[in-house]
Amino acid sequence: MFRLALKMLFGDGAKYLMLVFGIFFATFLIVQQSAVFCGLMRWTSSTLRNCSAPIYVVDAKVEQINETNALRDTDVALVRSVSSVRWAMPLYTGIQRVRMEDGTYKAVQLLGIDSATLAGGPTRMISGNVDDLRLPNTVVIDRLATERLANKGERPIGVGDVFEINDLEARVVGVCEAERSFTGGPYIWTTYERALQYTPPSRKMLSAILAAPIEGKTIDETVADIEAHTGLKAYSNQGYGTSKQDFSEATIWWYVRNTGIPISFGTTVVIGFIVGTAIACQTFYAFVLENLKHLGALKAMGMSNFRLSLMLLLQSFTVGIIGFGIGLLFTSLFAMAALKNEQPPFFMPWQIPVVAFLVIQTICALAALLGIIRLSLYEPAMVFRV
Amino acid sequence: MFTQIIRFVTIVAAAFGFYLITVVNAKQQEKNLQSAGEPLKAPAQKPYADAVAATGLIEALSENVAIGSPIAGLITDLFVTVNSPVKKGQPLFKLDDRELRAEETGRRADIEVAKAQIAVAEAQQAKADLQFNRLDSLKGTGAVSKDVTETRQSDAQVAASQVLAAKAQLVSAEAALQRLQLLIDRLTVLSPRDGTILQVNTRAGEYAATSPKNPAVIVGDLNRFQIRADVDEQNATRIREGQKAKAHLKGDPKVTFDLEFSRIEPYVIPKVSLTGASTERVDTRVLQVIYTFVRPADAPPLYVGQQVDVFIEAAQP
Amino acid sequence: MKEGQVVEVRGVEKSFGDGNQRIHVLKKVDLDARAGEILMLVGPSGCGKTTLLSAIAGTLRVEGGSINVFGQPMHSMSSSALTKFRGSHIGFIFQQFNLIPTLTCAENVSVPLLIQGVSSSKALARAKDSLATVGLGDRWKDRPGKLSGGQQQRVAIARALVHEPPLVICDEPTAALDAKNGEIVLDLFREVARSPGRAVIIVTHDNRIFSYADRIARMDDGRMIEERESDHSEKPHFDHEISH
Chain A
680 MFRLALKMLF GDGAKYLMLV FGIFFATFLI VQQSAVFCGL MRWTSSTLRN CSAPIYVVDA
740 KVEQINETNA LRDTDVALVR SVSSVRWAMP LYTGIQRVRM EDGTYKAVQL LGIDSATLAG
800 GPTRMISGNV DDLRLPNTVV IDRLATERLA NKGERPIGVG DVFEINDLEA RVVGVCEAER
860 SFTGGPYIWT TYERALQYTP PSRKMLSAIL AAPIEGKTID ETVADIEAHT GLKAYSNQGY
920 GTSKQDFSEA TIWWYVRNTG IPISFGTTVV IGFIVGTAIA CQTFYAFVLE NLKHLGALKA
980 MGMSNFRLSL MLLLQSFTVG IIGFGIGLLF TSLFAMAALK NEQPPFFMPW QIPVVAFLVI
1040 QTICALAALL GIIRLSLYEP AMVFRV
Chain X
11 MFTQIIRFVT IVAAAFGFYL ITVVNAKQQE KNLQSAGEPL KAPAQKPYAD AVAATGLIEA
71 LSENVAIGSP IAGLITDLFV TVNSPVKKGQ PLFKLDDREL RAEETGRRAD IEVAKAQIAV
131 AEAQQAKADL QFNRLDSLKG TGAVSKDVTE TRQSDAQVAA SQVLAAKAQL VSAEAALQRL
191 QLLIDRLTVL SPRDGTILQV NTRAGEYAAT SPKNPAVIVG DLNRFQIRAD VDEQNATRIR
251 EGQKAKAHLK GDPKVTFDLE FSRIEPYVIP KVSLTGASTE RVDTRVLQVI YTFVRPADAP
311 PLYVGQQVDV FIEAAQP
Chain W
5 MKEGQVVEVR GVEKSFGDGN QRIHVLKKVD LDARAGEILM LVGPSGCGKT TLLSAIAGTL
65 RVEGGSINVF GQPMHSMSSS ALTKFRGSHI GFIFQQFNLI PTLTCAENVS VPLLIQGVSS
125 SKALARAKDS LATVGLGDRW KDRPGKLSGG QQQRVAIARA LVHEPPLVIC DEPTAALDAK
185 NGEIVLDLFR EVARSPGRAV IIVTHDNRIF SYADRIARMD DGRMIEERES DHSEKPHFDH
245 EISH
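Residue numbers (this note's numbering), protein chains in the order written: chain A, 680 to 1065; chain X, 11 to 327; chain W, 5 to 248.
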C-alpha cells in the first residue's frame, strides 16, 4: 500500500514539483542564510584562529577582539608572573594602511608577534619561512594579500617582493593560509617590535597578551588566575577546548548585540521558514483535497484511519527529504563557489543542516497533519454522495 | 513518462545534494586552521613555580661610566677604539688645544720679559749701591753732606725693592704658564678606571658637546656583569632581599644564567621602555632590582645592553 | 436468519440535522437480502435509499433498529471492527468509479487485497486475474484515465470482487454510463450474483435496468413501500435489444 502511496504522490507531477519546490525553497533559504550568517560571524573572530594561542589577555573592559584597549608593556611581565601561566607573549593587532605603487591605499590587519618565540605566528605556510621574520623589515602575508597588494594587472606578489606600510619598507619572506578578516583586509604578520615601528606611535601599543597554562592546570583555571592576579580580562580561545569564557563567542555575541546583522539574517531565515511552510502546507492540503474522493473510497473499502495517516505522512516526508536534498544541492553549489572565492562568507557547522532537516520535516509533518485532520473529518459514507 | 523523469531527476538531485553537503563539510574542515600547539620556538621555561617576571638589561658590573667632554670643543685625537682595554689614566681622546697653545707662547715671552726686568732692576740696584757706598765711605770726612748720603741710601733701597718686584713678576708669569699647561692637559680626557671601551660616540674632527645625555665614550668592566631588572610596581610587594633569580637571553630562551642578588634600588623610577621603539614611552613605574652574575663558560658571548627575561623566585602574591 | 439470508434490516431509523431542521431519512425500515440474488433498491431522489445502503455497508451509524450482515450486528460493532469487516466482507462499486487516476488498473484493483495485508506481488497477480474476468486482462498496465467509462466501471467491479466478498454494494452503477455499457455492466452483475452465490445490492433510480433485478425494494420518504420478487418480465427500457 505504501508503494501505491508513493505512486500516488509521484503520479501527480505538477503538484509533486510544487511541493518539492516549496520545501527546496525553505531549505535553501534556511541553510544558506544560516551558513552565510555563521560565516560572517566567524569572520569577526578570525584573528583568534589566525593568531592562535590558548589564552588571550586583554584590558578589563574589552569584549571583542577587533576592538581592543591597549595595555601597558609591563603587563606582559605581570601576566608572566602569574603562577599558573607557562608563558605569555605580547601581541599587536591593528588596521594599518599599505601604500601601493600607484598611490592608492589598502587596509591590512597587522599582527605583531613576539620575535623570539613567534607565538601566534601563522600555522600553515604556503611558501617561505616564518623564522625569517627575525630578519630586518620582513613580514609574512596571507594568500589574500598576494593578490590584494599586487599592482593592478600584475602577477600576485610573493616571497621577496617589497611594499610599504606607513611609508616603511616591508619585505615579504613568507606566504601563509589565513582566514578572512571581518574588515576584509588581508593579514600581515611581523614581529611585535617592528609592528610598533610600522604603527604611528601612541602612549600604549600592546593590544593583547597571548598566554598558555602550565601543565596540570586547565585553561579555565588559568584564565581565572590571571583575572584574579592582574585585574586584566582573560579569555580562552576556541580550538583549545570549549570553555565558558570563550573569546570568539564573546566577540560574536558582541556583534549580535551591537549590530543589525543577526536580525537581517534571522528575518530571511524566518521568511524562508514561513514561505516554505505556506507553500508546503497549502500544496499538500490541495493534494489531499484533490484525492479526498479516492482516499474516502479507500476508507469505505476498509482502510483504517491510522493506515491512511501513515500514507499521508510517508508522502509528506518523502517530499520533505527530496526537497531538503535538492535544497542541500543548491546550498552546496553556493558553498563551493563561496569557499573557492572566500567570499561571500560561508561557514556551516553540522548543526545547521541537522536542525534545518528537523525544521523541514516538522513543516512536512504539519502539512500531513492538516491532511490527516481533513481526512478524518471525512465520513466514508460521503463517498456515496456525489 | 514526464512524471517518471521528474521523479528520477528530483530523487537523483536530492541524493546528490546529500552527498555534496558532506563534500562541502569536508572541504570546510580542510580549510579550518589547526590551532598552533606551541610557539615555533619554545618560550622561556619558568624556573620557579611562583615567579615574578621582569625585563632586564645587562650592564657592566661597575656600572657603565659615560665619559663626557670637559668643555665643548673640537676633538682632534681619539686614542681608543671600541672594545680596547684601557688602564686608569690612559688618554681616551683629545680636544682642540690650539687656542691655549697660542696663549702659552705669549706666556713664555712674558717670562723672558720678567727675567730681563730682573736683570735691569739688579743693574740699577748695583749702580745705586755703588753710589751710596762711595758716599758712605766719605762719611765723617765732611766731604759730603749728610743729606746727600741719605738720598743715596734710599735710592739703593728702592733699587733693591725693584729687584724683588721684578722677581715676583717672574714667579707670576711662570704661574700663568703652569695654569695654561694644566688647561691644555685637561683637554686630553683620561680613563678614570681600568676597563673596556664599550661605546665610542664620536670621531676625530667632530664637535663634542658637554651634554650629559650624549657621552663621547662609555667605559665599563666587561669581566663581570650585572643585570638591572625592571619589576612592575604592582609586583613590587613580592620582591624581597636575597631572592633567587634566573635570566634568559631574549631571543634565545635556551641560554639561562643563575643570578646572584646584589641590591634593590630603593627609588622607584618611571620605566624606560625596552622595546627598542624609536620613541621612548613611559608606561609605568618600576622597581629596579640589581643582580650580578658571571658568564658561564659554555654560554655565547654576552654584551652590555642586551635584553633579558628575568624570573625572580617570589612569595605567593 | 433464514437459509441464504445475508442482510437483515429491522426497524432502522436515521435522521440528519437538529431541532426544527431535523429530517428523518429512514423511518423504521425493514429489508432482507439473500445470497445469489440481485436486490435493487429503487425510489425517487432523496427517499433514503443511499442512506440505507450506507448503513448496510457499515459506513454509517443508524439511530434505531438493527442491521445484521452475515450475522454480525453492524449497529453495535466498534468502528475499527466495522472497518475491518467492510474490508473483508463487502465489495464496493461507486457511481463515479472512484479509481485512483495515478495508479494503473491492476494497482487499483489490488487495493482491497493490500488493505487486507496481502503482499504486493500476490495482490497484483490476483488483480490481473480479476481484471481478466471482467474482460480487461490486457489493459492492466493502463491508467484508468485511458479507459472508457464502461471499462472504468468494469475495473471498479474487478476491484470490488478481487477479494471475493460475499456482499457487493453498488451505488448507481449505471448512472454515468451509456446504454450499451450499462448492459455490459449489468450482465456482469448477474454473473457475479449467480456464481458462487453472492448478494448484490444495487441502489438505482434507472428504471431501464429493473429487469435485471431478482427482487426490487421500492422506497419513498424514508419508508419501504414495496418489496417484491421481480419476474424479469418488466420490459427493459433500453433503446435497443440486448444480445447475449
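Keep in mind that the hints were calculated from the coordinates and are not lab data.
Heads up, a few of these hints could be off.
[Unchecked claim] Result set (PhoX-like, lysine-lysine): computed pairs, CA atoms no more than 25 Å apart in a straight line:
id: 1; chain 1: W; residue 1: K150; chain 2: A; residue 2: K694
id: 2; chain 1: A; residue 1: K686; chain 2: W; residue 2: K145
id: 3; chain 1: A; residue 1: K972; chain 2: W; residue 2: K32
id: 4; chain 1: W; residue 1: K132; chain 2: W; residue 2: K145
id: 5; chain 1: W; residue 1: K145; chain 2: A; residue 2: K694
id: 6; chain 1: A; residue 1: K686; chain 2: W; residue 2: K32
id: 7; chain 1: A; residue 1: K1019; chain 2: X; residue 2: K37
[To be verified] Here chain A is said to cover these stretches of chain X; the calculated rule only asks that three of the stretch's residues, wherever they fall, bring their Cβ under 8 Å from a Cβ of chain A:
id: 8; stretch: 29-38
id: 9; stretch: 148-154
Quick caveat, the model's predicted, so the values are computed rather than measured.
C-beta: ideal position from N, C-alpha, C; glycine also.
Taking the hints in turn, this is what the structure says about them:
| no. | hint | result |
| --- | --- | --- |
| 1 | W:K150 <-> A:K694 | holds (21 Å) |
| 2 | A:K686 <-> W:K145 | holds (14 Å) |
| 3 | A:K972 <-> W:K32 | violated (31 Å) |
| 4 | W:K132 <-> W:K145 | holds (10 Å) |
| 5 | W:K145 <-> A:K694 | holds (23 Å) |
| 6 | A:K686 <-> W:K32 | violated (45 Å) |
| 7 | A:K1019 <-> X:K37 | holds (10 Å) |
| 8 | 29-38 | holds (count 7) |
| 9 | 148-154 | violated (count 0) |
Taken one by one, the earlier hints fail for this structure at numbers 3, 6, 9, listed in ascending order.
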